Structures are given as C-alpha cells and as structure tokens.
Amino acid sequence: MSLADKLVSSFLAFELDINIQSPVHVKRTKALKEFEKLGFPTKKNEAWKYTSLKTLLKEDYTIFSKKKNVLDFKNIKNYFLDNTESYKIVFVDGFFDPFLSQTSHDGVDICILSAALTKPCYSKIVSKYFDSSINTKDSLSLINTAFAKEGVYIHIPKNKILDKPIEVLHFATGNEAALMLQPRNLIVVEKNAQVEIIETHQSLTENPIFTNSVTEIFVEQNAHLDYYKIQNDSLNSSLIDNTYISQDQKSVAKVHTFSFGGKLTRNNLNYFQKGSYINSTMKGITIIDDNQLVDHHTLVDHAKPNCESHQDYKGIYSGNSTGVFNGKIVVDKIAQKTNAFQQNNNILLNDKSSINSKPQLEIFADDVKCSHGCTIGQLDQDALFYLRARGIPKKEAKALLTFAFANNVLESVNIPSVKSRIKKIIAEKLGVDLGFDL
Amino acid sequence: MLSIDNLHVSVEGKPILNGINLDIRAGEVHAIMGPNGSGKSTLSSVIAGNEDYEVTDGDIVYKNENIVELSPEERAHKGIFLSFQYPIEIPGITVTNFIKTAINSNLKARNEDEMPANKMLKKIREKAELLEIDSKFLSRSLNEGFSGGEKKRNEIFQMAMLEPSLSILDETDSGLDIDALKIVANGVNKLKNKNNAVIVITHYQRLLDYIIPDYVHVLHEGKIVKSGDKELAHQLEEKGYDWIK
Amino acid sequence: MAYTEEELKKELETKEYEYGFVTDIESETFPVGLDEEIVKSISQRKSEPQWMTDWRLKAFKVWKEMEEPDWANVKYEKPDFQKISYFSAPKGKAKYDSLDEVDPELLKTFDKLGISINEQKKLAGVAVDIVMDSVSVATTFKETLSKKGIIFCSISEAIKEHPELVKKYIGTVVPQKDNYYSALNSAVFSDGSFCYIPKGVRCPMELSTYFRINQAGTGQFERTLVIADKNSYVSYLEGCTAPSRDENQLHAAVVELIALDGAEIKYSTVQNWFPGNKNGKGGVYNFVTKRGICHTNSKISWTQVETGSAVTWKYPSCILKGDNSVGEFYSIAVTNNYQQADTGTKMIHIGKNTKSTIISKGISAGKSQNSYRGLVQVNSRAENARNFSQCDSLLMGNKCGAHTFPYIEAKNKSAMIEHEASTSKIGEDQIFYCNQRGIDTEKAIALIVNGFSKEVLNKLPMEFAVEAQKLLEISLEGSVG
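Chains as they are written, first to last, in our numbering: chain F, 1 to 438; chain P, 1 to 245; chain B, 1 to 481.
I should point out that these hints are in silico values taken from the structure, not numbers from a laboratory. Among the hints, a few may not be true.
To be verified - Selected chain B positions facing chain F (Cβ under 7 Å, derived; list incomplete):
(1) E409
(2) A410
(3) H419
None of these values were measured; they are calculated from a predicted model. Ideal Cβ positions, reconstructed from N, Cα and C, are used throughout, including at glycine.
Between the sequences and the hints, there should be enough to build the whole structure, so can you do that?
Here it is as structure tokens:
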C-alpha cells in the first residue's frame with residue numbers, strides 16, 4: 001500500500017482517539033479529502049521539479065507511534081543550548097515529554113497543541129488562528145492538518161517580552177522500524193510582544209524518520225519574532241518543514257535556517273504581509289555532502305505598501321549532494337515602496353554535487369526596489385594562496401574561506417549560544433578545529 | 001639564508017624566469033628592480049610557493065633546505081612572508097580573526113601552544129600603533145573596501161605580527177602617497193634586524209630612499225642582468241631601463 | 001505647461017499602429033482547417049519532393065498527439081486551429097526573377113513598411129528576402145552573394161535547389177516533436193528563408209528578411225534555416241509587421257541556426273507585429289521557437305527588440321555543444337496596453353570552456369504583463385562554463401506586471417554563474433531634472449528608456465538600431481505612471 005493510501009485509510013483509527021465533535025475536526029476532514037484528491041507531489045509539479053519524494057515515500061512508515069522511549073537528559077544534553085536559560089518543549093517519538101520540558105502558563109502560554117485543541121480556555125485563539133494561513137493546494141500541509149493533534153502551542157499576549165528563548169526539540173528514538181511524524185505548531189505573538197524560538201529535529205537512531213511539520217505563526221502589530229531552525233539531523237532522517245508566517249503592521253519576523261544534516265530537507269517558508277512597515281527576514285546556511293539534499297522554497301507575499309523583505313541564502317555543496325533554492329517574491333499592485341532583496345550564493349566543491357536555483361520575481365507595482373542575485377562558483381584560488389602564504393594549512397584555509405562566505409548570515413543571529421553552536425557544527429562539518437571566533 | 005640557483009619558471013608553458021641566481025644573507029636588504037614584465041612578481045610568487053608557477057629547473061634553498069616542493073603554508077611556517085602587490089579581499093573575515101588564525105597556525109606547525117588571547121590583543125595593539133592603524137580598521141573585513149594605502153599598511157602589519165625571517169615586499173610602494181610610504185618604510189625598518197632579511201621588489205627608486213638596500217639587482221627578461229649597490233638604483237632612475245638593455 | 005498624465009495616456013491610446021494597413025493584392029488562400037490532406041496540398045502546391053512531404057506528415061502526426069502548452073505566464077483564448085487557413089500566397093506568378101516583375105501593389109507595401117528595396121539596395125547594401133503571408137516574394141542581391149558561394153533564398157527554393165543541405169540540417173536543432181508549435185510549423189510551414197555561408201566566407205552584407213501577415217484569417221508559419229560553415233560569419237536581420245485586425249492572427253515560426261566550427265552567426269530581430277488595439281482586441285499571437293547549435297569555437301548571438309504582438313512566447317536559445325563556444329542573448333521586450341510577453345532564453349552548456357551572456361530588459365506599461373523566463377544549464381562535463389545574466393525590469397504605473405523566472409542548474413563544480421535582476425521605475429527626479437534642462441516629459445521618458453535599453457540597442461546593426469529606437473518611443477509614448 002502506498003503511503004498516501006495508508007494515511008487515508010488510517011484516518012478512521014485516528015478518529016477513535018480524538019474528539020470528532022470539535023470544530024477543528026471539520027478542518028481535518030476537509031483537509032483529508034483535499035489530500036485524497038491531490039496525493040503527494042511529483043516532479044511534474046513545478047514546485048517539486050528538482051526534489052523527488054519517491055525514495056522517501058517508499059518506506060513503510062508507522063503513522064502512529066505506539067509508545068515512546070524514555071530518554072535520560074544526560075544523554076541528550078548536547079542537543080540543548082549551552083549555558084542558556086530557556087523554556088523547553090520536548091517531544092519524543094511524537095509524544096510530549098513533561099520531564100524534559102519546561103513549559104509555562106505564567107502570563108504566557110508555552111505548552112502543547114493537544115491541550116490547546118481540547119481545553120475550552122484556548123478555543124478563542126484556536127478558532128481564530130488554527131489552520132487559517134496554510135496553502136490549501138499544498139498536499140503536505142493538508143495531510144498534516146488532517147492528522148493535526150500534537151505539537152507546540154505558544155501564545156505571547158500583548159506587550160509581553162519573553163524573558164528567555166524557547167527551545168523546541170523533537171527526538172526520535174527508533175522505537176519503530178520507520179516512523180512518520182507530523183508535528184503541528186501554532187504560535188501567536190500579540191501586539192508589541194517579543195519571542196525567540198529555536199527548533200531542532202534530532203533522530204537518535206539509524207531507522208528512517210520522516211517528519212512532515214507544519215507551523216503557523218502570527219506576528220501581530222509591532223511584535224517581534226526570532227526563529228532559528230537548526231537542521232543537523234542524522235542521515236536517515238528527512239524533514240519537510242512547512243512554515244507560514246502572517247505579519248501585521250510594523251512587525252518584524254526573522255527566520256534563520258541552518259541546514260547541515262538530514263537525508264532530504266525541504267523548507268517551505270511562506271511570509272504573508274498583512275500591514276505596512278513590515279520587516280520579513282529569512283536567511284540560511286546550507287553545508288551538505290554525501291547524498292544529502294536541501295531544498296529551500298521561500299515565498300514573500302508583499303500585499304501592503306512600505307514593507308521590506310530580506311533573503312540571504314548561502315549554500316556549500318560537496319560529495320554527491322544537491323541544493324535547491326526557489327525564492328519567490330510577489331509584489332501586489334498596491335504594495336508601493338516595497339523594498340525586496342534576495343540573494344542566493346552557492347559554492348560547488350565536487351563535480352558530483354549540483355545546485356538548482358530559481359530566484360523569481362513577480363511584480364505588479366512600479367514604485368518598488370526589488371533585486372535578486374544568484375551566483376554559483378568556487379572558492380577563490382587567489383584568496384586560498386594568500387591564506388596559505390600566511391601559514392594557514394590548505395584544509396583550514398578552505399574552511400576559513402567557506403566560513404567567510406557564509407558568515408554574514410550569522411551576523412544577525414542574536415543568541416550567542418546559537419551562534420557558537422552553529423560555528424561548532426560548521427567546523428565539524430568542514431572537519432577542522434577552528435573556532436571562527438574573536 | 002636564501003640561495004637561488006639557476007631558477008627557471010614557466011606559467012602555462014610560457015617561460016618567465018630564465019636562470020636566476022641570487023644569494024641573500026641574514027641582515028641584508030636586497031632590492032630587485034626592473035621594467036614591467038621582467039619577471040619581478042613571478043619571482044616573489046615562486047619563492048612564496050604559488051602553485052600556478054612551474055619551476056622547470058634550478059633550486060631555491062632557504063635555510064639550507066630546498067623548498068621547491070613545499071606548499072605555501074609550509075614555507076610560511078618556516079618564516080617566509082610575501083607582502084602581496086594586490087592583497088586579496090576576503091569579505092566575512094575580520095583582520096583580527098585572520099591574523100589570529102595565521103599566528104596560531106604558524107605556532108601549531110612549530111609544535112608550540114596557541115597564543116593566549118590577552119597576549120594576542122596586546123601584540124595586535126602594539127603593532128597597529130607602529131603602523132598607525134586605527135583599531136576600528138581591525139574589525140573590518142579583510143581588505144574589503146580598503147584603499148590602496150590601507151591594504152599595503154595591512155600587509156606590513158601582518159608582517160609585524162608574524163615576524164618572518166625573510167620578507168618579500170612586492171611593489172609595496174605602488175598606490176601609496178608619500179605619507180603612507182613613510183609609515184610603511186618606517187615600519188619595515190623597525191622590524192629589520194641582523195637575523196632577518198628583506199627583498200624589496202619595486203619599479204621605482206622612490207621607496208629605496210626610505211628602505212636603504214645593501215644590494216640592487218636589475219631583472220630583465222627573466223634574468224638578473226646587473227647587480228650593484230644603492231648607487232645602481234639612482235643610475236636607473238636617471239637613465240631609465242633602456243640603459244641596461 | 002507640462003503634460004498631465006491624463007493627456008499622455010489619451011495620446012497613447014489614440015496612437016494608431018503605424019503599420020496597420022492592408023495591402024489590396026489578390027491572394028490565393030487555402031480553405032480553413034487542418035488535416036493530412038491540407039498538409040499534402042501545401043507540399044504539392046509548392047512542388048516539393050516526396051521526402052519533404054513525408055517529413056511534414058510525420059510532424060503532423062506528432063502534433064495531433066500533443067497538447068497546447070500552458071506553462072507560460074500568459075492568458076489568451078487558444079486559437080482554433082481548424083479555423084485558420086494554412087496557406088495564402090499573393091496570386092500571380094509564383095516566383096519573380098527581378099523586382100520589376102513584382103506586383104506594384106506589393107512594392108508599395110514595402111515602401112509603406114519603410115523598406116524601400118531599391119533604396120536599401122543602393123544605400124545600405126542589405127540583401128532582403130521578403131515573406132508576405134507565408135510566401136517569399138522577393139530576394140534581392142542574390143547574384144552578388146552567389147559570387148561568394150553564399151546561398152540566400154526562400155526555403156521552398158532551397159528544398160528544390162539544395163535538397164542535400166536542407167535534408168541534412170532541417171529539424172536537427174528544433175526537432176519536429178520539440179514542442180506543440182514547432183510540430184505544427186514543421187507540418188504546415190509555407191515558406192521562409194534559407195541561408196548557407198560556405199567555409200571561411202565572411203558574408204559581406206547584412207542579410208535581411210521582412211515578414212508580413214496580410215490576408216485575414218491566415219496563419220503564418222515560416223521556417224528559417226541558417227547554416228554557417230566552418231570559420232564563416234553572417235549577420236542576419238529579421239523584421240515583422242502585420243495589419244491591424246480585430247481577430248487574432250497566429251504566427252508560429254521556427255528558426256534553426258547551425259554554427260559549425262569557428263563560425264559566427266549574429267541574428268537580430270525587430271518584432272513589431274500588430275499588438276492589438278488599446279482595449280486588447282486583435283493582435284498577433286507570436287509563438288516562436290528559435291534555437292541555435294554552436295560547434296567548437298563558434299558563436300551565436302541573438303538580439304531581439306520585441307515591441308509588437310498581443311501574446312509573445314519566444315525563447316531564442318543556444319546549445320553550446322562545442323568546446324570554447326559562445327552564446328549571447330540580448331533582448332528588449334516592451335509591453336503596453338494589454339500585451340503579454342513571456343520571453344527569454346536557454347543557454348545549455350555542454351562543451352568545455354563555454355561562455356554565455358544574457359542581458360534582458362523588460363519594459364512594462366499600461367495593463368500589460370512582461371515575463372523573463374530563462375534557463376542556464378551547466379552539464380556535468382562542461383568544465384569551466386561561464387554565465388553572466390542580467391535581467392532588468394522597468395515598470396510604468398501599477399496596472400502592469402514584471403516577472404522574472406530564471407532557472408539555474410549547475411552540475412559542474414568549475415561553473416561560474418552570476419545572475420542579477422532588478423526592478424525599477426522612471427524616477428520623478430529624473431524627469432524633473434530633464435524638464436529643468438528644457439526636455440519635455442515625453443522626450444525625457446524616451447531618453448531614460450533608451451538609456452535603460454542601451455546595452456541591447458548597441459548590439460543591433462546600425463540600420464536596425466535607428467528603427468528599433470523609434471519603435472521603442474512609439475510603443476511607450478505617454479505611458480508614464
């Protein structure tokens with residue numbers, strides 16, 4: 001049975017476990033129907049031209065993990081940020097782990113979606129926001145909605161500046177031979193509020209893991225969101241991350257995506273600007289090798305005047321790896337004075353690696369500044385000689401140049417422990433013992 | 001310190017140097033002059049180990065070791081420093097981060113411990129002062145957007161930090177106004193001692209008023225055609241290179 | 001007093017399509033519709049050899065199985081292919097030996113087009129082949145060219161006189177089954193130009209073809225084949241006009257260029273088909289497949305100024321098969337009123353040390369949509385491939401759209417690809433500055449657009465550059481937002 005069929009036929013079993021009378025379930029049922037029509041995307045679909053899900057979908061995934069393993073904090077300590085006070089929401093094999101987590105209901109809600117979907121006190125927020133921003137033509141988002149049950153629920157009320165960042169960790173332990181996870185997250189940052197979130201997916205097993213995640217984020221007037229995605233998963237894990245960010249006027253939303261691990265990683269990052277004077281920023285560093293594939297699809301919908309967007313994605317590809325970048329900027333005819341900037345720079349280090357880039361502009365207003373640039377190249381040989389002439393060995397010199405190439409993406413990272421974590425992973429990935437610090 | 005014997009060098013099969021002989025002892029300053037295209041920059045690149053240049057014949061013996069087969073970084077570890085004619089711009093790496101990495105790489109190659117951060121900072125400040133370099137300059141990306149003078153001063157700053165035995169200054173005077181020239185020359189002179197040597201490569205005699213050479217060699221069509229003392233530089237200035245051909 | 005925006009708009013709307021006249025010549029036109037019999041009749045009517053008839057029939061078979069593509073960023077009512085007449089020839093003698101034999105009405109048409117053949121003969125030294133409603137009616141300068149061994153004639157003539165060349169190369173760059181319109185063209189093409197430059201010959205003059213659709217309800221399907229033998233050079237110009245008509249006319253051409261080792265082909269187009277009226281009624285559907293193949297050390301350069309057509313769908317491309325070959329694409333596409341253009345190029349790097357340059361300038365005004373669609377592909381064995389692309393858009397007003405769809409695919413680590421794109425408008429400060437220096441707004445826009453397009457205009461041969469500049473001004477007059 002294909003995975004699509006398996007998912008559809010498992011829905012009845014899923015319904016046994018949840019309240020099918022809730023309004024949310026109407027949305028689930030509708031989404032399932034749409035998914036049935038569309039199925040998983042193939043390479044014929046323009047948005048999936050360069051990324052095939054064929055191999056990924058072939059595995060016989062368990063859709064509902066039966067039980068979760070117990071994890072000992074000291075064994076997974078390394079995946080949390082060093083020396084950083086934080087709220088923590090931890091899932092193990094798709095189940096919330098209260099022992100590893102540190103949630104809060106103290107003037108904010110930092111907890112889990114299963115609670116939010118079932119308890120009456122959350123119903124106002126849930127009915128207003130849940131499933132209100134996803135692309136109803138995207139079958140991966142649809143199938144996530146159909147099985148939406150567990151994930152992160154964060155609600156920061158107005159004027160609240162969160163005192164410390166929130167770490168979200170999804171662990172997979174290999175309790176099933178192959179496991180599909182579908183976390184569903186809802187994040188609402190009200191007027192003048194501020195929040196920082198770090199998200200990590202980490203498999204602790206060699207068993208195949210397929211995560212299809214959907215995150216809806218609402219950043220209201222003058223609010224501020226800083227989101228970091230650290231993707232350094234094992235080589236048998238694949239991730240399709242669908243993130244939808246809706247912004248109101250004068251808000252700032254920044255997403256940094258660091259992709260180093262995983263077998264297949266697809267990031268669908270969508271921004272909808274619903275007011276004026278909005279800043280949307282998305283940046284990424286991708287360093288991959290072997291048979292890895294990382295695919296960044298961004299969409300910025302400039303629907304109101306006087307907004308800006310910044311995109312800066314750097315990719316370094318070695319081994320047999322494949323990079324994809326598809327950045328789409330749409331400027332509506334009323335979105336005058338839009339300032340949209342997009343940059344995608346790539347380095348190919350091996351003849352077997354490849355990059356496909358499609359930086360798209362669709363512009364319907366005349367008084368705008370939109371630009372995009374895309375480069376594909378190699379490390380500068382003159383620069384390499386210069387470094388070596390100063391006594392830096394070839395491998396380190398290459399690593400330094402690679403780091404320099406990607407560095408400006410790190411400059412806007414505001415949490416020092418995130419920055420040092422990324423630097424450490426980059427050094428590991430490049431096989432050098434350099435701090436990239438000072 | 002450096003002994004070059006019958007050095008022949010080609011680039012993409014085209015011969016550039018055709019039998020260079022040169023002996024340099026510790027404590028000496030040698031100037032190499034010559035018209036454009038005579039092979040001056042090739043000579044400096046070859047000594048530093050640029051792999052674009054192929055040594056077809058001859059030897060380069062440095063501190064009693066033939067270095068022809070060594071990588072650029074190995075030569076640097078042994079104390080060879082090249083001040084580039086066109087220093088490379090590397091966006092994303094600060095001057096400080098760069099020099100720190102370079103110093104520690106050199107120390108590591110000599111099996112020594114890394115330089116502690118406080119000592120490093122002190123040294124950076126000291127040498128920056130010597131070359132009248134603003135501290136803001138040190139946190140900028142390496143050579144990116146630097147003026148010609150800033151780039152050259154940065155090269156000599158790195159030389160001061162790395163304390164090489166043999167420094168090759170490739171057209172360090174080009175792109176410098178007279179004040180910057182004096183600062184750079186002053187820096188070089190202060191770093192000069194009886195244990196190290198300097199090769200000054202230049203088209204004009206101007207720099208040699210400030211860095212006084214012990215020997216002057218004239219390079220023409222890949223060969224040293226005349227050698228002498230600093231008087232030779234003055235003669236060249238007066239009579240031009242045609243006089244030598 | 002300065003122009004108001006309203007006045008400018010009004011003037012633009014009333015601006016008539018300058019070339020919108022109908023020539024009253026008796027034509028022989030086939031009944032509408034398309035089936036195997038029509039394909040055979042076209043071939044027969046042109047007394048073609050059997051191999052050509054078979055080739056057409058094969059294409060027709062392929063076409064029947066295909067679907068009209070809809071991936072381009074254009075919206076239009078799909079033509080009813082059974083309502084088009086696939087052959088229309090000016091009546092009278094089928095061929096002319098000299099201009100004196102040409103119908104005087106036809107010559108008047110050329111005069112109106114601004115291409116007085118005699119004038120050009122004397123002054124510019126341009127050899128012209130004129131294709132009117134599908135049939136080549138006049139080829140000038142034939143003799144001068146033949147002395148150098150250059151063949152420049154209609155493709156029908158080439159099929160009869162030089163079958164070995166046509167047979168060897170036709171369909172090799174754009175296969176019959178390449179796409180919907182190329183298959184259709186392969187089945188029904190009525191005429192077009194053929195050009196062969198022998199080894200080592202530098203063609204001494206610009207070769208030029210002028211296309212015109214005249215008869216109502218006809219489609220034009222011309223086929224151009226240019227072969228530049230080893231180390232030869234040719235510069236080829238192509239111009240297009242059509243009368244104003246209410247219904248849409250279809251133009252589906254195929255152009256194939258073959259640059260053998262060391263050869264260079266420069267192919268320039270000024271396309272000014274009827275764009276439809278200010279309400280978007282009528283106008284030509286321009287669905288064209290243009291492609292060239294570059295062998296070792298050769299170069300193909302496409303330059304296009306696209307101001308006409310209601311809908312344009314066109315991607316002049318280069319297959320850089322040989323080592324050290326070079327492909328270039330320089331384009332200005334102007335859309336106004338309800339025009340839609342989806343145009344760009346494909347650069348396929350296969351050989352080593354291949355280089356390509358893409359400069360695309362899109363100017364959108366009125367309610368038009370202007371898209372750049374391009375592909376730069378570096379195959380895994382294409383060592384040291386280089387590409388530079390620049391796509392700039394200029395928008396006037398907020399009722400139009402500018403779109404950029406660049407596809408970049410690199411599979412070789414030594415590839416160096418740079419792509420830049422920007423969007424801008426004509427600044428009020430720029431116009432004010434010009435006004436202050438005594439230049440009126442209309443002229444100021446012309447100046448600024450000209451500056452914006454300069455890099456491409458400079459690539460056109462002199463004779464065309466002037467005309468192209470004039471066209472730009474006409475197409476954009478008064479469209480400041």
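Against the structure, the hints:
1. E409: 5 Å, holds
2. A410: 5 Å, holds
3. H419: 4 Å, holds
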